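Participant: Sequences and hints are given; from them, build the entire structure.
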Amino acid sequence: KAGVTQTPRYLIKTRGQQVTLSCSPISGHRSVSWYQQTPGQGLQFLFEYFSETQRNKGNFPGRFSGRQFSNSRSEMNVSTLELGDSALYLCASSPRSLRTDTQYFGPGTRLTVL
Amino acid sequence: AQTVTQSQPEMSVQEAETVTLSCTYDTSESDYYLFWYKQPPSRQMILVIRQEAYKQQNATENRFSVNFQKAAKSFSLKISDSQLGDAAMYFCAYRTRIKAAVNKLTFGGGTRVLVKP
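For the protein sequence lines, the chains are W and R, in the order given. Residue numbering for the first sequence follows the working numbering, starting at 1360 and increasing by one per position. Residue numbering for the second sequence follows the working numbering, starting at 103 and increasing by one per position.
Calculated from the structure, these hints are not laboratory results. Small disclaimer: the values here were computed from a predicted structure and weren't measured. Take these hints with a grain of salt, some might be off.
[To be verified] Here's a subset of chain R near chain W, in silico, CB distances under 7 Å, partners left out:
no., residue
1, Arg-145
2, Gln-146
3, Met-147
4, Arg-152
5, Val-204
6, Asn-205
7, Lys-206
8, Phe-209
[Unchecked claim] Restricting the straight-line Cα-Cα distance to at most 25 Å, the calculated cross-link-like pairs of lysine to any residue (SDA-like) are:
no., chain 1, residue 1, chain 2, residue 2
9, W, Lys-1416, R, Tyr-127
10, R, Lys-157, R, Thr-122
11, W, Lys-1416, R, Ser-130
12, W, Lys-1360, R, Gln-153
13, R, Lys-175, R, Thr-105
All C-beta atoms, glycine included, are put in the ideal place defined by N, C-alpha and C.
Facilitator: Here is the structure:
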């Protein structure tokens, strides 16, 4: 099975712009979670999508949003970018079953805001 | 809210030797998962090992094993016969099993493992 894929791998934006990141989960996985990784704050949960619905949300401002499509692919959007949004954004997929719910991560998208 | 603490920012080990990484967590829940993930410089987070809290037996995966002490809320990772490829950041993570709808990992701050040849 192919792993979790994320595009693009690198992105450079300027303050005030918006950005969209994409995540394709492992085939058969219905849940996609997003995490932000920074040197200062570590790994923080952004949100989770399951069956095209946001199920959980972390403590991030409304500038961070996402969606999930019927094929389970997910996009994350950040509007009005700030310097502090520079981070590695990781996406993880899981089967979302009761027996196993391990999250498998993609390679990440490195976002730099200038 | 659950918290995960990794008290060792960096650990160094000689190739072929053994190293143990510490992780403690705080939760009021009785049923949960604990994970160790490895993040090499290439950045891809890789699952190393997983433990269900209801299982008393410690999980093992080849050279990786855990010491799960539920009462002490401790979950350490032992890497035996260390190899150069083990050099990476290691993250301990917690996920509730009681609240099935909450599919969220809470991570510790990470421990960097250096392997000396």
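Participant: Would you mind marking each hint as holding or not holding in the structure?
Facilitator: Hint check results:
1. Arg-145: holds, 5 Å
2. Gln-146: holds, 5 Å
3. Met-147: holds, 4 Å
4. Arg-152: holds, 6 Å
5. Val-204: holds, 6 Å
6. Asn-205: holds, 5 Å
7. Lys-206: holds, 5 Å
8. Phe-209: holds, 4 Å
9. Lys-1416(W) x Tyr-127(R): holds, 21 Å
10. Lys-157(R) x Thr-122(R): holds, 21 Å
11. Lys-1416(W) x Ser-130(R): holds, 21 Å
12. Lys-1360(W) x Gln-153(R): It holds: about 24 Å lies between the C-alpha atoms, which stays within 25 Å.
13. Lys-175(R) x Thr-105(R): holds, 11 Å
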